[in-house]
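Engineer: For the record, the sequence lines run as chains A and B.
Residue numbering for the first sequence follows our numbering, beginning at 1 and increasing consecutively.
Residue numbering for the second sequence follows our numbering, beginning at 1 and increasing consecutively.
If you're looking for bench data, these hints aren't it; they were derived computationally from the structure.
Be aware that a few hints might be false.
One copy or two, either will do: identical chains are not told apart, so a pair holds if it fits within one copy or between any two.
[Stated by the list, open to error] Straight-line distance between alpha carbons at most 30 Å, and here's what the computed DSBU-like set of lysine-lysine pairs gives:
hint	residue 1	residue 2
1	K148	K176
2	K559	K418
3	K559	K569
4	K206	K305
5	K189	K131
6	K50	K559
Number of protein chains: 2
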Amino acid sequence: MKRLSRAIGILLILISPYGYSQTFEEFPDPLRNWEQVPAGLNVSIVSIDKRYAKNDVPFVKQKSSCEMTGWKGEKLSAQLLLWSHTNIEQVECTISDFTSPNNTLSANIAQARFVRYVMTDEFGPGCGYRKPEDFPASLSADMLDNIKSFNMPPRTVRPLWITVDIPREAKAGTYKSKIEVTAKGEKTKEFEITLNVQNKVLPPAKEWIYHLDLWQHPSAVARAQNLKLWSDEHFEALKPLMKMLADAGQKVITTNVNKDPWNVQTFDPYADMIIWTKDKKGKWSYDYTIFDKWVTFMMDLGIDKMINCYSLVPWNNELHYNDVVTGKIINVKADPGTKAFEEMWGPFLIDFTKHLRGKGWLEKTNIAMDERGPKEMEATIEFLQRISPELGISLADNHNSYKKYPFIKEISVSADAKVDSADIALRREKGLITTYYVCCSDKFPNVFTFSDPAEAVYSAWYALASDYDGYLRWAYNSWVENPLTDSRFRTWPAGDTYIVYPDARSSIRFERLVEGIQDVEKIRILRKELKGLNTKESLEKLAKLNREVARFNTISPLKSPDIMLYSAKAVVNEVSK
Amino acid sequence: MKRLSRAIGILLILISPYGYSQTFEEFPDPLRNWEQVPAGLNVSIVSIDKRYAKNDVPFVKQKSSCEMTGWKGEKLSAQLLLWSHTNIEQVECTISDFTSPNNTLSANIAQARFVRYVMTDEFGPGCGYRKPEDFPASLSADMLDNIKSFNMPPRTVRPLWITVDIPREAKAGTYKSKIEVTAKGEKTKEFEITLNVQNKVLPPAKEWIYHLDLWQHPSAVARAQNLKLWSDEHFEALKPLMKMLADAGQKVITTNVNKDPWNVQTFDPYADMIIWTKDKKGKWSYDYTIFDKWVTFMMDLGIDKMINCYSLVPWNNELHYNDVVTGKIINVKADPGTKAFEEMWGPFLIDFTKHLRGKGWLEKTNIAMDERGPKEMEATIEFLQRISPELGISLADNHNSYKKYPFIKEISVSADAKVDSADIALRREKGLITTYYVCCSDKFPNVFTFSDPAEAVYSAWYALASDYDGYLRWAYNSWVENPLTDSRFRTWPAGDTYIVYPDARSSIRFERLVEGIQDVEKIRILRKELKGLNTKESLEKLAKLNREVARFNTISPLKSPDIMLYSAKAVVNEVSK
Numbered sequence: 001m002k003r004l005s006r007a008i009g010i011l012l013i014l015i016s017p018y019g020y021s022q023t024f025e026e027f028p029d030p031l032r033n034w035e036q037v038p039a040g041l042n043v044s045i046v047s048i049d050k051r052y053a054k055n056d057v058p059f060v061k062q063k064s065s066c067e068m069t070g071w072k073g074e075k076l077s078a079q080l081l082l083w084s085h086t087n088i089e090q091v092e093c094t095i096s097d098f099t100s101p102n103n104t105l106s107a108n109i110a111q112a113r114f115v116r117y118v119m120t121d122e123f124g125p126g127c128g129y130r131k132p133e134d135f136p137a138s139l140s141a142d143m144l145d146n147i148k149s150f151n152m153p154p155r156t157v158r159p160l161w162i163t164v165d166i167p168r169e170a171k172a173g174t175y176k177s178k179i180e181v182t183a184k185g186e187k188t189k190e191f192e193i194t195l196n197v198q199n200k201v202l203p204p205a206k207e208w209i210y211h212l213d214l215w216q217h218p219s220a221v222a223r224a225q226n227l228k229l230w231s232d233e234h235f236e237a238l239k240p241l242m243k244m245l246a247d248a249g250q251k252v253i254t255t256n257v258n259k260d261p262w263n264v265q266t267f268d269p270y271a272d273m274i275i276w277t278k279d280k281k282g283k284w285s286y287d288y289t290i291f292d293k294w295v296t297f298m299m300d301l302g303i304d305k306m307i308n309c310y311s312l313v314p315w316n317n318e319l320h321y322n323d324v325v326t327g328k329i330i331n332v333k334a335d336p337g338t339k340a341f342e343e344m345w346g347p348f349l350i351d352f353t354k355h356l357r358g359k360g361w362l363e364k365t366n367i368a369m370d371e372r373g374p375k376e377m378e379a380t381i382e383f384l385q386r387i388s389p390e391l392g393i394s395l396a397d398n399h400n401s402y403k404k405y406p407f408i409k410e411i412s413v414s415a416d417a418k419v420d421s422a423d424i425a426l427r428r429e430k431g432l433i434t435t436y437y438v439c440c441s442d443k444f445p446n447v448f449t450f451s452d453p454a455e456a457v458y459s460a461w462y463a464l465a466s467d468y469d470g471y472l473r474w475a476y477n478s479w480v481e482n483p484l485t486d487s488r489f490r491t492w493p494a495g496d497t498y499i500v501y502p503d504a505r506s507s508i509r510f511e512r513l514v515e516g517i518q519d520v521e522k523i524r525i526l527r528k529e530l531k532g533l534n535t536k537e538s539l540e541k542l543a544k545l546n547r548e549v550a551r552f553n554t555i556s557p558l559k560s561p562d563i564m565l566y567s568a569k570a571v572v573n574e575v576s577k
Numbered sequence: 001m002k003r004l005s006r007a008i009g010i011l012l013i014l015i016s017p018y019g020y021s022q023t024f025e026e027f028p029d030p031l032r033n034w035e036q037v038p039a040g041l042n043v044s045i046v047s048i049d050k051r052y053a054k055n056d057v058p059f060v061k062q063k064s065s066c067e068m069t070g071w072k073g074e075k076l077s078a079q080l081l082l083w084s085h086t087n088i089e090q091v092e093c094t095i096s097d098f099t100s101p102n103n104t105l106s107a108n109i110a111q112a113r114f115v116r117y118v119m120t121d122e123f124g125p126g127c128g129y130r131k132p133e134d135f136p137a138s139l140s141a142d143m144l145d146n147i148k149s150f151n152m153p154p155r156t157v158r159p160l161w162i163t164v165d166i167p168r169e170a171k172a173g174t175y176k177s178k179i180e181v182t183a184k185g186e187k188t189k190e191f192e193i194t195l196n197v198q199n200k201v202l203p204p205a206k207e208w209i210y211h212l213d214l215w216q217h218p219s220a221v222a223r224a225q226n227l228k229l230w231s232d233e234h235f236e237a238l239k240p241l242m243k244m245l246a247d248a249g250q251k252v253i254t255t256n257v258n259k260d261p262w263n264v265q266t267f268d269p270y271a272d273m274i275i276w277t278k279d280k281k282g283k284w285s286y287d288y289t290i291f292d293k294w295v296t297f298m299m300d301l302g303i304d305k306m307i308n309c310y311s312l313v314p315w316n317n318e319l320h321y322n323d324v325v326t327g328k329i330i331n332v333k334a335d336p337g338t339k340a341f342e343e344m345w346g347p348f349l350i351d352f353t354k355h356l357r358g359k360g361w362l363e364k365t366n367i368a369m370d371e372r373g374p375k376e377m378e379a380t381i382e383f384l385q386r387i388s389p390e391l392g393i394s395l396a397d398n399h400n401s402y403k404k405y406p407f408i409k410e411i412s413v414s415a416d417a418k419v420d421s422a423d424i425a426l427r428r429e430k431g432l433i434t435t436y437y438v439c440c441s442d443k444f445p446n447v448f449t450f451s452d453p454a455e456a457v458y459s460a461w462y463a464l465a466s467d468y469d470g471y472l473r474w475a476y477n478s479w480v481e482n483p484l485t486d487s488r489f490r491t492w493p494a495g496d497t498y499i500v501y502p503d504a505r506s507s508i509r510f511e512r513l514v515e516g517i518q519d520v521e522k523i524r525i526l527r528k529e530l531k532g533l534n535t536k537e538s539l540e541k542l543a544k545l546n547r548e549v550a551r552f553n554t555i556s557p558l559k560s561p562d563i564m565l566y567s568a569k570a571v572v573n574e575v576s577k
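Chain A extracted, bound-state conformation:
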């Protein structure tokens, strides 16, 4: 027996095309095994937690139905995966009406969007300059495209993202709907959705309490979509993009009061919103036209809780203005605490306060700063309190300033810091906002183009578990040169600079971020209800819910976020019954 198997072994070695010297043949690579894939178009319902590689044979357990459960007013997601060994043309997807024995919800509450692949890199050392050749690049399924039909090259994978917006006026109950995927020469594939509408209502995003702040970059839209800056077309293009942000519960309008506050750390500089002019007599005037137009535009979309004005301490401490005498734009270096600083900022702050009061915006406006040294901060805050005490202050901070400046209206701390719940509660009583932020330095939870989609959901659960009021991320749409195809940038991990795409295309990251915020709002409502009921049963439910939430109070969990969320969300659904 032993001798026989040896003889066969030697024979195999001799006849193997590449293996004469190898002692055994390795397994075929399952990711390249396209020949084993059934002919034609393959389609299955898959998890929303996975980004499938574009050219690998996907690992899928065929599934032809899915169950979605949510509240009235909630947005839910599902994912279909398409793959084929051969070329497939004109793939399209339609979703039918949702019907229950007594009610119908129109088909147009649902949409199917083809997921597009964008170049990404990896976390590596996190922050800092990087070149494309320094990190392995790969394609990541992230963008949700707005096209109706798709052609699939052979041996590729294509995800389809399904979104269901449950109307706030829907009747609770169990609905059924059908997804149909068609393609040229292919039999129609059908999938069943079971939609459980629970008898609870999620209020509109404007009423959400979660303090979301994703900084907007309107100039990037003008450049990337090739539109004249601040033109009507520019605002037209901004509308669906910023509407999408309003629908996520954004609370803050990002503005800049002088030139680019971050010394052009983004691909596009932030164009001026307020034009500073010094006349022949040395007198200052300020043109607020763009600032007013932008703020009004955002407020009309429903983003009207705060106006954050960057920055008294730009990253190079430089300002500029039109000088009537020379006809030139003059750059001024003005370090906090210096005479130049007071001379530049003093007159402006007085005028700006007056302007804001006239608009009725004064109470909403903060002078905003981020990640500057403690010394500069001290000089600046002393100055602000002296010159413009009516203006709020907002700070994204990695220096624990919340203890030093307990009056700061809105403070956001780094994810690797922690703020005592008692401090947050104290601030909350005074109407002050405390959030956390992630950026290039945070491996988890984050929303890079390579991040696990569930991390975006986790980020909101982390805020809740840590008792923060919300979440700040520095870049909603600081697009790179070719944002549609390549999310890498000269600094930071890919996708750090934007979470949505040109032409108001959403992303898996953004959809999941909103999902997490919805979860937080639902839990907030459930907690209040259960506490209010004050029965043994309701308090047990509350305790169970709180136990789930508490598990998210870490940025280094022992389990995968998708596994944690799976059980935690099951509890939310159960408690919502």
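Starting from the structure of chain A, add chain B where the hints point.
Structural biologist: Okay, now just chain B, sitting in the frame of chain A:
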């Protein structure tokens, strides 16, 4: 301009072969871009922290030299990567002598081994039954093969693992050596190794203090290599495999005292080492032939600190024996605390104690148990202390028994538990050993076939940072059905059951595990030296070293283990100067 770009856009859509409906073309997948790979054989030095996918275009920054730094007596690793768009035949690798201005180290201190790909899965839920179709499978570069020549199929990657064993008698200094990679029809590729031999000596593995316990499974070797159980050929095959384990600093001999202690949780049952017989008068006799042969064999290889005997509480509480009356093998269920238990184990323990005393092994022998319930444990320990107080007790424990039974000679706790340093120190004073273990339930740090190679190193640094005496893992070689090609098993994440391969082939996991142990031994020596010197400089160095170590005191680090180790090992090298 805008109109023109739109027109070009429409044109591109019309002429694109697959994209008439797509709004833009995605980037080509960099992992499939074999056409861009330079013709012929490509070779580069790469990191030892990465497992390269077999069929993806590798992301490599061409590097033709590497620097290795270590102590006399230390084993060091490097990795070469080979890849080609076309078929490459007869790849071979040779390494020259290591020469310094005054000295030469023979070429045979180094070896190059082709890394082979084995099927793996993923962590998933960790423990529990699993089927191949439940988890995505992939190929993992893990096994270090013992072949001299390799043929590469087109569009594949092949890693080569370089090992340098610095002789203990080497002179300190900087040596140079050359790696040559040759293949049929290819120009020879040359790579330079700079080997810095530091003026420190790592003692032989037998003298290492790190208490390593990887359980051996001799019967699996007989089955997998098709040899008669306990035959001379079987022991011949065991020799290089167990020598490799001795060279890693293994301290414990794994034995079983009755039938398979884990109710055949492995692919192969553990064959009996002690044959129990009951004669016509009901008198017991025990045949220790195999047990003695195995223990002597292991001791001859240098593994002679402890003999662990599994188990008084096998996982089904069943024993068996030869019954002379019926001529049959009789199974007996004997739960701890019952009369049957005392009747079965009582006579054996008395005879076994006598046998061990005769051999001079009594002080080294522990009755060993793992992961059983507290109640069973209580009854068993009470019984052991009463019947055979001279035998030690060893326990792999997930129930915090170290507090309840402070006298247990060797205890190993789950990685997600923690033992107070004070408790460990107290135990250490009494000569008792405290280690930690990882198994199917631990995502990190672990040595599954898909685990990051640096995790194996991290596992030793974790032991050091947590003040454990060492590390236990339940399976050195519990091979699955086809261990050479497929590391998946019917239970647990792939690779959980073995870390080395048939015919004494090592693995990336095992090499890195030993690397971690070497690090720990070096740090132990450095700490003693620096403390002994007691100068300002030496104490500063000691503090610096300890700061690095302290960062490893967690199983959920915020940084990747390879990044953490990079800086920590740089400090070890610096302090070793």
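Engineer: Each hint: holds or not?
Structural biologist: For each hint, the structure was consulted:
no., hint, verdict
1, K148 x K176, "within (23 Å within a copy, 62 Å between copies)"
2, K559 x K418, "both (21 Å within a copy, 18 Å between copies)"
3, K559 x K569, "both (15 Å within a copy, 28 Å between copies)"
4, K206 x K305, "within (9 Å within a copy, 69 Å between copies)"
5, K189 x K131, "between (44 Å within a copy, 28 Å between copies)"
6, K50 x K559, "both (16 Å within a copy, 23 Å between copies)"
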